[in-house]
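Residue numbers (the working numbering), protein chains in the order written: chain A, 14 to 249; chain B, 14 to 249; chain C, 14 to 249; chain D, 14 to 249.
Keep in mind that the hints were calculated from the coordinates and are not lab data. What you are looking at is a predicted structure, and each value in this text was computed from that prediction instead of being measured. Among the hints, a few may not be true.
No copy labels: a pair is met if it fits in one copy or bridges any two.
[Said to hold, decoys possible] Computed cross-link-like contacts, EDC-like style, restricted to lysine to aspartate or glutamate with a CA-CA straight-line distance of at most 16 Å: (1) LYS122 <-> ASP213; (2) LYS242 <-> GLU63; (3) LYS167 <-> GLU143.
For reference, the chains in residue letters:
Number of protein chains: 4
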Amino acid sequence: MSPLDSLLDDLVAANRILTGLGVLDGFGHISVRHPDRADRYFLSRSLAPELVTREDLQTYDLASNVQDGDTRPPYLERFIHGEIYAKRPEVQSVVHSHAATVVPFGTTKQPLRPIFHMSSFLRTGTPVFEMRERFGNTDMLVRNNAQGAALAEKTTGAVVLMRGHGYCTVGGTIAEAVFRAYYTQVNAELQQRAIALGGDEVTYLTEEEAKLSEESNRSVMARPWGLWKAKFGLKQ
Amino acid sequence: MSPLDSLLDDLVAANRILTGLGVLDGFGHISVRHPDRADRYFLSRSLAPELVTREDLQTYDLASNVQDGDTRPPYLERFIHGEIYAKRPEVQSVVHSHAATVVPFGTTKQPLRPIFHMSSFLRTGTPVFEMRERFGNTDMLVRNNAQGAALAEKTTGAVVLMRGHGYCTVGGTIAEAVFRAYYTQVNAELQQRAIALGGDEVTYLTEEEAKLSEESNRSVMARPWGLWKAKFGLKQ
Amino acid sequence: MSPLDSLLDDLVAANRILTGLGVLDGFGHISVRHPDRADRYFLSRSLAPELVTREDLQTYDLASNVQDGDTRPPYLERFIHGEIYAKRPEVQSVVHSHAATVVPFGTTKQPLRPIFHMSSFLRTGTPVFEMRERFGNTDMLVRNNAQGAALAEKTTGAVVLMRGHGYCTVGGTIAEAVFRAYYTQVNAELQQRAIALGGDEVTYLTEEEAKLSEESNRSVMARPWGLWKAKFGLKQ
Amino acid sequence: MSPLDSLLDDLVAANRILTGLGVLDGFGHISVRHPDRADRYFLSRSLAPELVTREDLQTYDLASNVQDGDTRPPYLERFIHGEIYAKRPEVQSVVHSHAATVVPFGTTKQPLRPIFHMSSFLRTGTPVFEMRERFGNTDMLVRNNAQGAALAEKTTGAVVLMRGHGYCTVGGTIAEAVFRAYYTQVNAELQQRAIALGGDEVTYLTEEEAKLSEESNRSVMARPWGLWKAKFGLKQ
Numbered sequence: 014m015s016p017l018d019s020l021l022d023d024l025v026a027a028n029r030i031l032t033g034l035g036v037l038d039g040f041g042h043i044s045v046r047h048p049d050r051a052d053r054y055f056l057s058r059s060l061a062p063e064l065v066t067r068e069d070l071q072t073y074d075l076a077s078n079v080q081d082g083d084t085r086p087p088y089l090e091r092f093i094h095g096e097i098y099a100k101r102p103e104v105q106s107v108v109h110s111h112a113a114t115v116v117p118f119g120t121t122k123q124p125l126r127p128i129f130h131m132s133s134f135l136r137t138g139t140p141v142f143e144m145r146e147r148f149g150n151t152d153m154l155v156r157n158n159a160q161g162a163a164l165a166e167k168t169t170g171a172v173v174l175m176r177g178h179g180y181c182t183v184g185g186t187i188a189e190a191v192f193r194a195y196y197t198q199v200n201a202e203l204q205q206r207a208i209a210l211g212g213d214e215v216t217y218l219t220e221e222e223a224k225l226s227e228e229s230n231r232s233v234m235a236r237p238w239g240l241w242k243a244k245f246g247l248k249q
Numbered sequence: 014m015s016p017l018d019s020l021l022d023d024l025v026a027a028n029r030i031l032t033g034l035g036v037l038d039g040f041g042h043i044s045v046r047h048p049d050r051a052d053r054y055f056l057s058r059s060l061a062p063e064l065v066t067r068e069d070l071q072t073y074d075l076a077s078n079v080q081d082g083d084t085r086p087p088y089l090e091r092f093i094h095g096e097i098y099a100k101r102p103e104v105q106s107v108v109h110s111h112a113a114t115v116v117p118f119g120t121t122k123q124p125l126r127p128i129f130h131m132s133s134f135l136r137t138g139t140p141v142f143e144m145r146e147r148f149g150n151t152d153m154l155v156r157n158n159a160q161g162a163a164l165a166e167k168t169t170g171a172v173v174l175m176r177g178h179g180y181c182t183v184g185g186t187i188a189e190a191v192f193r194a195y196y197t198q199v200n201a202e203l204q205q206r207a208i209a210l211g212g213d214e215v216t217y218l219t220e221e222e223a224k225l226s227e228e229s230n231r232s233v234m235a236r237p238w239g240l241w242k243a244k245f246g247l248k249q
Numbered sequence: 014m015s016p017l018d019s020l021l022d023d024l025v026a027a028n029r030i031l032t033g034l035g036v037l038d039g040f041g042h043i044s045v046r047h048p049d050r051a052d053r054y055f056l057s058r059s060l061a062p063e064l065v066t067r068e069d070l071q072t073y074d075l076a077s078n079v080q081d082g083d084t085r086p087p088y089l090e091r092f093i094h095g096e097i098y099a100k101r102p103e104v105q106s107v108v109h110s111h112a113a114t115v116v117p118f119g120t121t122k123q124p125l126r127p128i129f130h131m132s133s134f135l136r137t138g139t140p141v142f143e144m145r146e147r148f149g150n151t152d153m154l155v156r157n158n159a160q161g162a163a164l165a166e167k168t169t170g171a172v173v174l175m176r177g178h179g180y181c182t183v184g185g186t187i188a189e190a191v192f193r194a195y196y197t198q199v200n201a202e203l204q205q206r207a208i209a210l211g212g213d214e215v216t217y218l219t220e221e222e223a224k225l226s227e228e229s230n231r232s233v234m235a236r237p238w239g240l241w242k243a244k245f246g247l248k249q
Numbered sequence: 014m015s016p017l018d019s020l021l022d023d024l025v026a027a028n029r030i031l032t033g034l035g036v037l038d039g040f041g042h043i044s045v046r047h048p049d050r051a052d053r054y055f056l057s058r059s060l061a062p063e064l065v066t067r068e069d070l071q072t073y074d075l076a077s078n079v080q081d082g083d084t085r086p087p088y089l090e091r092f093i094h095g096e097i098y099a100k101r102p103e104v105q106s107v108v109h110s111h112a113a114t115v116v117p118f119g120t121t122k123q124p125l126r127p128i129f130h131m132s133s134f135l136r137t138g139t140p141v142f143e144m145r146e147r148f149g150n151t152d153m154l155v156r157n158n159a160q161g162a163a164l165a166e167k168t169t170g171a172v173v174l175m176r177g178h179g180y181c182t183v184g185g186t187i188a189e190a191v192f193r194a195y196y197t198q199v200n201a202e203l204q205q206r207a208i209a210l211g212g213d214e215v216t217y218l219t220e221e222e223a224k225l226s227e228e229s230n231r232s233v234m235a236r237p238w239g240l241w242k243a244k245f246g247l248k249q
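Take the sequences, apply the hints, and build the full model.
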C-alpha cells in the first residue's frame, strides 16, 4: 500500500473513530492535507462521518474548490479546512465538531483551560470565534473563504471555539487532530465538574507544565490511536 | 413501492430512530398526516415505540377516532396529534416525548432557548403548556379533544413543553419532526451545562441568526435522517 | 406453564431487566412473595442479578430463613424483603438498589419529590431510613430482622431511601416494583437537573395530580414491562 | 493451571474489566506483585489496557527495571507501581487511572469522602499528590523512582489523587484494587451530585461506619468480581 493510500485509509478510519468517541454525530468532518501537494486537501463529500468510505473522499484546493470535476455535493463548511491549511502551513489535519461538552464553553465567558495532562495542548489558548463581530447575523455556518479566513485567523493554537456552533482542532497528523478533538471534549467535561465543585478555585496546569506535558504526550499518541483504529476504525 | 407505503415505512423507522436517539423509551409516540387526506393521520396502536411495525399502525380522523373498525387499544394521548393537525394545516408530523434533558425546563422559569445552530428552530419559542390552568388537577395526560385543543393552541411554533410531563415537536415532514425532537433534547443538555458555567450570561442565537440558520438547516436535514435510518431504522 | 412457573420466570427476567435499566449493577436484588403462601417469598441466592437463573432462586419464610435445606449462601440483606412482606400484606414484590442518581438524595435534606407523571407514585413520600438513629454505627447493611423491621416501619409508601446506601421500592406486582425502581431513578435525574436550573422554584406535581396520575399509570404499566422483557429479559 | 498462571490471567482480565467499567481508556494500567517474590511485579508493556494479553506482560523489580532482557517499550509511569510495592509490603495490586469523575476532585479543595457503603475504603483518606511541591514544573508524569517514591509516600491509604492527572488505588488482591478503582469512580459521581443538591450539608459515612462497612465489603467482593470477569474479562 502506498503512503497516500494508507493516509486516506486513516482518514476514513478517523471519521468512524470520531463518531465512536462521541466527537462527531450526523455532522462535523475531518480532513487531511495532501502529503505531496501542500495546496491540496482531502475531505469526504457531504455525508454523515460514520458512513464515509474511501469512495466518498474528494480533493480540494486551498480555496476549497473541488478538483477532478467531482460533482457530488460537498460539505457547506469546507472553507474551514481550506483556509486553515492556507494560513497554517504546519497543519496537516483539521477536525470540526459540535461535541456537547465543548459547545457550552463557547457561549460563556468561562475560558476552556487545560485541567489535566492529556489536554495540555489547550495551553495555546482556546479563542472563541464570534462570527457576528465581522459578519453580523448569519446562519452561523462558515460558508465562504472570507468567513473561513476569519476563523483561520482566530485559530492561533491547537483549538478554536465557535460560539453557538462547535469547535475545531488542528494537528500535525490525523492522529494528533483526532487526539486533540477527543481530549478537548474530555477536558470540557472535567472542567465543568471541577467548576461545580470548586468555583473559581480550580487548579489548572501551569504554562510550563502544559508545555512539558504536550511534548511528552507526543511520544504516546500512537497508543490511543492504535486502540481506536482497532475498536472503531473498521466498523461498517 | 407507493409513496404512501414509503411514508409508512418511514413512520415505523422513526419510531425506532427516536428510541435509538434516546428521545423515546417505553413511552411517547410519533404520527404522520395522511398525504392525500388532510383529515386523517397515522399512529401506532398503544405499544412501546421500539416494537412498532407496519402492522401496528392505525388510521385516525382529526377527532382521533380510529378508522376501519380497528379495535386494538390506542394510545391514551392520541388527541395531542389530532388536535395539532386540526389547528396547524402545515404540520405533517408530530412527536411526543418525555426526554430527560427537556422535562426539567418545563418545571422551572428558565426558558429553553436556541444555544447553537442545530436547534435554531427553537427561535419560535418554547411555550410551557400548564394543564392545571384550564383543567385543574388531572392525571397530566392529554385524554380528550378539549385538552388536545388547549395544547394545540399553545403549540404556536416548532416545540411545546408540557409541565411535569414532556414535550412535543411538529414538522413539515417526519424527518423534520424527528430532527427537532432530537435537537431539542441536545439543546436542553447544552443549555443546562452553559447555565452551570455562566449563569445568566450565556450567549444565545439572535433572532436573525436563528432564522437564517433554520432555513439553512433544511438543506442538510437529509444527512442525519439518512444516517439514523441506516443505524436504527431497520433494527428489529 | 403453571402460574407459579411464570411468576418465577418473571422474577428471573426482572433481575436482568433491572440490570439493563441501570437500576442494579453487581449488587442489589428483587424478590416476589409466594402467590399461594403469604408467609413465603422467593429471592436469588447471593449472586450478581445479571447472572440469576431459575436454579438460583431460593424460598424464604418471613423471618428470612431459607427453606428446603438450601445451603447456598444467601444475600446478607434478605431481611429487607422478609420484614417488608411481614409489615405490608399488600406488597408482592420488593426491589433494593444502589442506583447512582438516587443515593445522593438520601444524603441531603433535599426531598425526592414527583417532578413528572411517570413517577407520581413518589407522592406517598420518600422517607429516609437513617440506620444510625436506632442502631448506632453499623456496616450500613440490613443484617437482621430487627434492622429489617426498622426499615419496613419507615417504608410507608412506594419508596424508602436508605442514607449512604440506596433505596427500596415495593409493588403489588413484579412489574410495578420494577417500574417504580426505574422511575425513581429517572425522577432523581430530572429533579437534580431542575434544581440546578430553578433552585427552590421548581414545580412538582400536586398531591391530587400525583394521585390521579398514579391510578392512570396502572393501566399502561404493561407497556414498558413488555418492552423490557423483550429487550433484556431473556439475555444470557 | 498453576496459581501463578491463574493470577496472570486475572491480571489480563482486570485490564479488560477496568476498560469495560470506564475506569481506564487508552491510558492507565494495573499491576500485580509476584506471589512468590515480593521484589518483583507484573505489568503490561506500553499498550492500551483493552488490548493486553498474557504475551504482553513484563516482569519488573521494585526499581522498575524490566527483567529477562525484555526490550519492548514499557509504560513511562511504571515507577508508580514499583515504589508503592517497595513502600507498602501488604499491597499486592496497584491501579492507575484518569477516570473523569475523579480527576476534578484532585483539582479543588473539595475532599473526596465516602458517601455510601460501597466506597467505605475511602475512610483512610484521599490525599492529593501535588507533583509541583517537590519537583516544580514537570510533564505531570511519574517518570522516575524519586517521583514514584514521593507518590508512594503520599499513598497512605487505599487511594491517592494526583492533581491534574488521575488517581491510584491499591489492594491486597487484584479484585480489591479493581473494586476500589471502580467505586472511587462511583463515589466521585455520587458526591458531585450530592454537593449540587446539598452544598456543605451532605451526610458522609462516619469513621466507624466506614470501618465496619469496609470489613463487611471484603466478604462480598467476589460477587462483582465474578460478574465482571464473566462480562468483560474474556472479551477480545
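To see whether the hints hold, each was checked on the structure:
1. Taking CA atoms no more than 16 Å apart as the test, LYS122 paired with ASP213 passes in both settings, with 13 Å inside one copy and 11 Å between copies.
2. In this assembly of identical chains, the alpha carbons of LYS242 and GLU63 lie at most 16 Å apart whether taken from the same copy (14 Å) or from different copies (13 Å).
3. With identical chains, the CA atoms of LYS167 and GLU143 are at most 16 Å apart within one copy only, with a shortest distance of 9 Å there and 34 Å across copies.
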